[in-house]
Amino acid sequence: MYKVPEPLADETLTSWMWRVNSTAHIPIMSYMRFSSLEGEIIERDTIGLWGGRFADRDLLTENGFVESYKQGFNISQSWLNKRFPEFSQPTIPIQFRRAFCSQCFIESFQKIGIPVSKVQWCYLTKPLCEFHGTPLHDSSIFFIDHDDYTIQAFVSYWDDRQFKEDCDLIRDAGTMRNSLALKAQQQLDKLMKRASKSGHGFGVQMFVLTLMRAMMLPAFHHGYPKIAFAHWGGSDPYAGLGLHGDFYNEIYRSTCLARLYALYYSAIILGWITSEQAFKTCREGYFSPWRTDMIWTTLDDRQGRLSLLFSELRLYETPYLNLTHMDIPKLIRIINDA
90 MYKVPEPLAD
100 ETLTSWMWRV
110 NSTAHIPIMS
120 YMRFSSLEGE
130 IIERDTIGLW
140 GGRFADRDLL
150 TENGFVESYK
160 QGFNISQSWL
170 NKRFPEFSQP
180 TIPIQFRRAF
190 CSQCFIESFQ
200 KIGIPVSKVQ
210 WCYLTKPLCE
220 FHGTPLHDSS
230 IFFIDHDDYT
240 IQAFVSYWDD
250 RQFKEDCDLI
260 RDAGTMRNSL
270 ALKAQQQLDK
280 LMKRASKSGH
290 GFGVQMFVLT
300 LMRAMMLPAF
310 HHGYPKIAFA
320 HWGGSDPYAG
330 LGLHGDFYNE
340 IYRSTCLARL
350 YALYYSAIIL
360 GWITSEQAFK
370 TCREGYFSPW
380 RTDMIWTTLD
390 DRQGRLSLLF
400 SELRLYETPY
410 LNLTHMDIPK
420 LIRIINDA
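Residue numbers for the sequence shown follow this note's numbering, beginning at 90 and rising by one.
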């Protein structure tokens with residue numbers, strides 16, 4: 090009798106389901122796709138950029154194959170709930186989800202003969218691999234287009250020599266800045282765990298995510314390497330949706346490198362990275378703002394960027410993160426009542 094394999098640590102639901110589908114005598118997923126009226130997964134639509142939502146196959150409540158797996162392999166709902174809990178942080182929408190760590194792929198392939206995807210790669214505020222401390226890559230394959238996304242992403246990385254070289258170049262460049270961004274990511278994790286004990290975990294997460302949204306506005310693009318905007322999610326490069334569209338939506342289809350820089354700048358504003366530490370990164374051959382006043386000055390104009398940012402940040406203030414304790418230039422603080 091077929092024994093269902095246990096998911097690996099932090100493995101996503103879809104990654105595990107495809108592993109089961111690939112090794113079972115009757116591949117349920119493949120059969121249902123082949124015999125369905127649609128025949129293929131619905132491709133992502135431009136409405137997704139404007140907030141349209143697709144069912145997330147990495148959630149038990151939204152994956153259409155769960156019931157068939159429960160019946161076909163005699164799996165209980167409690168067994169699944171224990172191994173695949175709800176997401177604990179804001180995620181990249183599935184139509185733009187494509188992050189991966191090549192080293193994790195290789196290690197899982199060596200361990201069990203098939204690569205696996207991890208939950209942490211779905212989170213907006215985790216642009217670096219927790220295990221290897223390196224920037225995540227953006228696959229040329231999109232999650233929404235393939236049941237076997239993990240396999241497709243793994244193969245595309247190895248088969249396209251130029252793509253692999255570009256990914257490796259991003260991973261190995263800017264090690265000093267990447268190291269500071271990783272420390273910021275780890276500090277956010279620790280702060281969230283502390284804040285969650287008093288019910289403030291969501292506020293902490295959204296406060297930082299709001300700062301990252303602001304750091305990704307077009308006014309700040311001079312502080313990013315051009316490659317951070319290459320292979321932007323969707324059919325257009327940077328859509329230019331206007332202030333509110335850029336602020337709320339562009340982070341969803343951004344590259345991992347763009348989110349890394351956004352987290353890095355947010356950490357400078359929060360004081361998690363000192364100006365001395367940030368200044369040293371300029372030695373890596375790329376100029377970027379390294380002081381809080383430089384960042385605030387970039388955002389300070391007459392287009393309403395700061396008023397939008399402050400109004401959003403006020404929604405998520407907690408005893409752990411708030412405007413009062415931030416290093417904001419006095420004039421900007423007075424004008425914006427911050």
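Please note that a few of the clues may not be correct.
[To be verified] Below are the DMTMM-like pairs computed for lysine to aspartate or glutamate, each with C-alpha atoms no more than 20 Å apart in a straight line:
{"#": "1", "residue 1": "Lys200", "residue 2": "Glu365"}
{"#": "2", "residue 1": "Lys200", "residue 2": "Glu100"}
{"#": "3", "residue 1": "Lys171", "residue 2": "Asp255"}
{"#": "4", "residue 1": "Lys171", "residue 2": "Glu156"}
{"#": "5", "residue 1": "Lys253", "residue 2": "Glu196"}
{"#": "6", "residue 1": "Lys315", "residue 2": "Glu254"}
{"#": "7", "residue 1": "Lys171", "residue 2": "Glu100"}
{"#": "8", "residue 1": "Lys159", "residue 2": "Glu196"}
{"#": "9", "residue 1": "Lys282", "residue 2": "Glu406"}
{"#": "10", "residue 1": "Lys159", "residue 2": "Glu95"}
{"#": "11", "residue 1": "Lys419", "residue 2": "Asp382"}
{"#": "12", "residue 1": "Lys315", "residue 2": "Asp255"}
{"#": "13", "residue 1": "Lys315", "residue 2": "Asp261"}
{"#": "14", "residue 1": "Lys279", "residue 2": "Asp145"}
{"#": "15", "residue 1": "Lys171", "residue 2": "Glu151"}
{"#": "16", "residue 1": "Lys272", "residue 2": "Glu365"}
{"#": "17", "residue 1": "Lys282", "residue 2": "Glu196"}
{"#": "18", "residue 1": "Lys282", "residue 2": "Asp99"}
{"#": "19", "residue 1": "Lys159", "residue 2": "Asp145"}
Hint data in this document are derived by calculation from the structure and do not stem from the laboratory.
Return the numbers of the hints above that this structure violates; sort them in rising order.
Violated: hints 1, 3, 8, 14 and 17.
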